[in-house]
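Participant: Single-letter residue listing:
Number of protein chains: 4
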Amino acid sequence: MDFTTDETTREYQARLTEFMENHVYPAEAVHHEQLAAAPESWSAPPVLEGLKAEAREAGLWNLFLPDPRYGAGLSNLQYAPLAEITGRSPAIAPEALNCAAPDTGNMELLAEFGSEEQKDRWLKPLLEGEIRSAFCMTEPDVASSDAGNIATRIERDGDHYVINGRKWWSSGAMNPNCAIFIVMGQTDPDADRHQRQSMVLVPRDTPGVHVKRGMTVFGYTDSAHGGHAEIEFRDVRVPVANVVGGQGKGFAIAQARLGPGRIHHCMRLIGMAERALELLCRRAVDRVAFGKPLADQGVVQEWIAESRVRIEQARLLVLKTAWLMDTVGNRGAHTEIQAIKIATPLMAEWVVDKAIQAHGGAGISQDFPLAQLWVQARLLRFADGPDEVHRMSLARRELKPYRAR
Amino acid sequence: MDFTTDETTREYQARLTEFMENHVYPAEAVHHEQLAAAPESWSAPPVLEGLKAEAREAGLWNLFLPDPRYGAGLSNLQYAPLAEITGRSPAIAPEALNCAAPDTGNMELLAEFGSEEQKDRWLKPLLEGEIRSAFCMTEPDVASSDAGNIATRIERDGDHYVINGRKWWSSGAMNPNCAIFIVMGQTDPDADRHQRQSMVLVPRDTPGVHVKRGMTVFGYTDSAHGGHAEIEFRDVRVPVANVVGGQGKGFAIAQARLGPGRIHHCMRLIGMAERALELLCRRAVDRVAFGKPLADQGVVQEWIAESRVRIEQARLLVLKTAWLMDTVGNRGAHTEIQAIKIATPLMAEWVVDKAIQAHGGAGISQDFPLAQLWVQARLLRFADGPDEVHRMSLARRELKPYRAR
Amino acid sequence: MDFTTDETTREYQARLTEFMENHVYPAEAVHHEQLAAAPESWSAPPVLEGLKAEAREAGLWNLFLPDPRYGAGLSNLQYAPLAEITGRSPAIAPEALNCAAPDTGNMELLAEFGSEEQKDRWLKPLLEGEIRSAFCMTEPDVASSDAGNIATRIERDGDHYVINGRKWWSSGAMNPNCAIFIVMGQTDPDADRHQRQSMVLVPRDTPGVHVKRGMTVFGYTDSAHGGHAEIEFRDVRVPVANVVGGQGKGFAIAQARLGPGRIHHCMRLIGMAERALELLCRRAVDRVAFGKPLADQGVVQEWIAESRVRIEQARLLVLKTAWLMDTVGNRGAHTEIQAIKIATPLMAEWVVDKAIQAHGGAGISQDFPLAQLWVQARLLRFADGPDEVHRMSLARRELKPYRAR
Amino acid sequence: MDFTTDETTREYQARLTEFMENHVYPAEAVHHEQLAAAPESWSAPPVLEGLKAEAREAGLWNLFLPDPRYGAGLSNLQYAPLAEITGRSPAIAPEALNCAAPDTGNMELLAEFGSEEQKDRWLKPLLEGEIRSAFCMTEPDVASSDAGNIATRIERDGDHYVINGRKWWSSGAMNPNCAIFIVMGQTDPDADRHQRQSMVLVPRDTPGVHVKRGMTVFGYTDSAHGGHAEIEFRDVRVPVANVVGGQGKGFAIAQARLGPGRIHHCMRLIGMAERALELLCRRAVDRVAFGKPLADQGVVQEWIAESRVRIEQARLLVLKTAWLMDTVGNRGAHTEIQAIKIATPLMAEWVVDKAIQAHGGAGISQDFPLAQLWVQARLLRFADGPDEVHRMSLARRELKPYRAR
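Residue numbers (the UniProt record's numbering), protein chains in the order written: chain A, 1 to 405; chain B, 1 to 405; chain C, 1 to 405; chain D, 1 to 405.
Only chain A is shown next, with the shape it has when bound in the complex:
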């Protein structure tokens, strides 16, 4: 066992940290202003384009993609500390590096399961950062954490599929530049539970696609990221060639996609928690109440120490999970992926909450990133499956050897 970070990663960390300090942090205020000036545009504020160019030039592009044909060729373990750093400025850094969800998951999906034609048409511009994409899985009318509940119908009609259904929380889809939707639905309702669903590619401009509204997240629209759309699919027709990985493979692909997606979220959450702890410490030394700085008050010290203790533990579990994914594969790391999905958002939520409390009103306002960091942590307690479902599943695995007896 060896906890040393490897040379490649350290070099990337240094380069990325420099990029954050020279480009990303200074852009935060600009990003904020541009966003406030055009709240309904649903596109990334203009400052992003420059940052993307800078990142690309700095060799910080598509770091998430382990396949060297498409991306940086880093392992999960190497990417983890980098994703963490981008999590420190989650509104800007991931997208600047073309490493933002849901595009990352969608690119992985296309790289792994897409046909050559699909790759040419959609993966290529995504890798270039020219278009964006959405993943349409969650539905308003059913508990979507149980994939078996998905009700959207995708029916074969000659050379086409005809799609009917309603999706929501399709993140990014409000962005007019979001050109392609990956839609999950039932093609084979009578097949085995895990063979019923398929994924099909639906270009945004296909007739029958109705992007209806953006869902708000607490009071945020997340417009810079293209929001979270409710979309209606009414008799939407796409060629049969648009199916990804074959009919009936929807569930398997979804599982394959979610593992890396979940760990990326967790990596960034570590960075969000670190950013919040940094803000907490700064506030603590600056702010005087009742005759002494917050930094000298026992309760605030307890928050800081406890934050450090929790962050360290979560980070190590994320790193070990990344290492497992690299060494035994995503399936072999299934339990650990669930474990970090349970532990990390709760940890980040706790740390950010304390940072908010030390900031008082400022902490929940637009003047600090804390409220938005908190919302992202909170969101991840149910996005990609609620804590309760992961706990149930993890417990079943833990109990298995005892039942067998």
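No lab work stands behind these hints, which were simulated from the structure alone.
Because the structure is a prediction, the values reported are computed rather than measured.
Just to be clear, a hint being listed does not mean it is correct.
[Claimed, not checked] Some chain A residues judged to face chain D by a derived CB distance under 7 Å, without partners named:
id, residue
1, G291
2, A295
3, I342
4, M392
For glycine and all other residues, C-beta sits at the position ideal for the given N, C-alpha and C.
Given the coordinates of chain A, work out where chains B, C and D should sit on it, guided by the hints.
Facilitator: Only chains B, C and D this time, still in chain A's reference frame:
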């Protein structure tokens, strides 16, 4: 000891519940739409005016004011269960009954400490619901939970006071109809700590008053309530007669104002928690996941039971505090007011969090009131003094008899 | 609603407080020494007898019994604050007043359901404090929180019942002076679920009764209270007249017995928490670490404030529950009894834990009552039904109106 | 970074696991009976001697000592997973392998700071497991977590030191075979804060040494481990040569001793938590309540999953800390040692508490090791420094870079 609700209160409860069912709950969707249609108006959506008229006609007006010359003449103990009911629809009901903060505290303040002229000019239209008011205390640059830190200067210059300073979180002040600001600042910087501050009335249209922007609260502008303004006072001149209760009385008046203000918040929080628990239960029986309704799943049952247990305890402490305020006065109930200020927001935050989790994405979106309920509970963990300050103060009182030995 | 304590209760409170100060607290050290000197006697230390005589003389005897023919004739609401006071010295005070479990529950049971002959033979000496009794319900081999699981067989054989089975956690039964066991078992295995069990009186000296060992509670034997026995019943024969309240009434009687039993525990837990908080405060002002008393350290202040806040809430819920039992009966107060059974042990456990932490090693040792207070609170998180069962049941009630729709 | 366990460690793990299964677990019941039969002997039950011989033969002896001249020569990182395994049976395994506290810390101390004569006389028989030792630091009258408070006087008088003072929680010292006490006290009260104390070796049979009583730990005497003694030192004279590492080195040696001591405790706590989780799972599949096994009930599943998540995180932090101690030294790992000292006992306490709850009465009784496991975890929340002190210190380090600005 007797836990029976008295006849008067029961009668009001019945009347108010009917009003909620017939008028308030049905108005929630309309309110929401009107708000969405005019997000920058900073005024209450038009539907409110009709509700105010209905409430007045139903004898549900100014219930919070114990002085029968001005309001319903109810005791705190009688008002508590009614405020709780309004808390179930906090975006609409309190204002519909002219019982919304910060106007309630400002009306009490004027009723108790205002001159006859001040009452005529400002209290009267407030009691009629014709204008709204703001309380300008918190400042961006200091820990305002320690009133000694307040830095705004109010200098005597002949027959006038000249005000210079910056305030924020002046709730309601973005509303153009918010006509009067009660501003706290230092008049006597060299006096004893608790005699330094005064409160002066500043009409909104006084030269030098600059309402600069609305602070956001986890993404919400709270525009329906007039937002939370940052205000700059630059050489603002008001006549000496605008001081409330005499120069140097600022701290004493603030203390007097905050007691009822805090309990009103706590009363409404009980109602918010009840509303969230109701939504949680409804969701639990409606939503099926993994083969059975959430209502039959142990973890959700635990949330529901624990919510009930926590709500009941907090409500009883709020009621006892109200009774103490009625029987031994606000000062005599000081410790209990701190206790409910610590306990109730945390309780409500916990309950609403569970209701959100059971709703998944819907719970944090605009489709349910839950995210906004949560934000209000969270906000009250530091508004009117953070939990930590109340705990410190409460502990000192508890320790006093032991130190004396 | 009125939170004033009535005259009768206040007079008892004053008298009991005096008794605690003059007799009970001074006896704690003696009690401790006598216990240490004879750890295997399983009887109350000799000092108890004197205290019992004093209590009786002071009119502080059998306060728990609402029926004036047998006890003080106090309502539950009147008894609650008195039981709380006895909880401050739980090793001594309840027994000194003849108000200790399980005798209290057994006396209530005999008073309500016993035949005249049963009352004469067993209730009378119990009321006089001459003998002690045990309640044999929990079994080692089944989850006894589900009464339907109880497996002990009680078979009719002519004029006798023949009992076979194994019980444990029969509190008090190790005491040689514990003369009578109330045994619950199945008489009618084929009857309806709630008509299967009966309760029979089994004198300790009946052939076939084997008191096998005392269970330890963490490291305590609770020998002063007669321990917690494991008992084997092997072909134990008792006359048919020994059944209590009729064959098949076991479940109903158990339910009737458990309501008051649970609230008595909760009342005393409030007192235990108050004692712990008092010890915490004393320690905090006395102990200096890192240059200042614990009382001036923020984290300890937080413990103290939070303890006060939690105690107050739990006490009010216990008092309201007592009032409900007095006004609408034990069945009407069912939900509230569950609520206090969930809330109070957890609260007390939390408060005592903090007091222990402030005492360091002393806190878990024989030099302070804290470790033993903690163990009693912990024990009550599953004794008389684990929290989880109460939460499940309470949730079902809460959900009922929503399911009906 | 690489999470693979090295070959040496894996080989030891396999051998130790076999030893646990063949010798230790089967001995638990015997140990228990022997202990119950002679509760006042204060010595290890006879079964231990055989196990020690077996362990020695199996090459599982003095594994904790990194110096190959004395022990197995394992690094901290290699020893950690082995200490974890011994933690699964903490009453037996550590002592069977001669790896039990406080002897381990005392042996390390003598190996590092002892003179050749001291090593010959005391280290040798300790390494052989022939005698035992105690570490006398904590005092009843002061907050000993602040070493500056230590009040025992060690005064030079010619060629001797004269010791006067009172110690308690000297673990192991009730055992008649505990031959040597390492006593910390003030030799130079006027020196700098960290040069005031020295450590001297005091043979048990020195005149003036009064071993007064064993402290209880939640009712347990820990007699198998020699209890926790209160010791009075009255004019105890020892030769000057008995000082360890030089006069005035007490604080430095204590710091050096506590680092490894703390991590050993944490390693074993991981094993205790694993044992508790195993018992929880076994119980969950065996026990039926309300119609289904506990294993199928949501709340119990949540406990199991959450236990797994917490154990994994704590283990990784312990392992990383061990690695840091190996690579950058105990001082370089200071913050991490504090972090695991805060995190691990709380984690273990939580897991064991849940296992207890699933066992009901059995869980707190002598029939399962759970209550005793819990007590050890609880004890470690303040032994070797309370959580609060570690948090304060850790927070100061975290804040340092921000203050510098």
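Participant: Tell me, in ascending order, the numbers of any earlier hints that this structure violates.
Facilitator: 1
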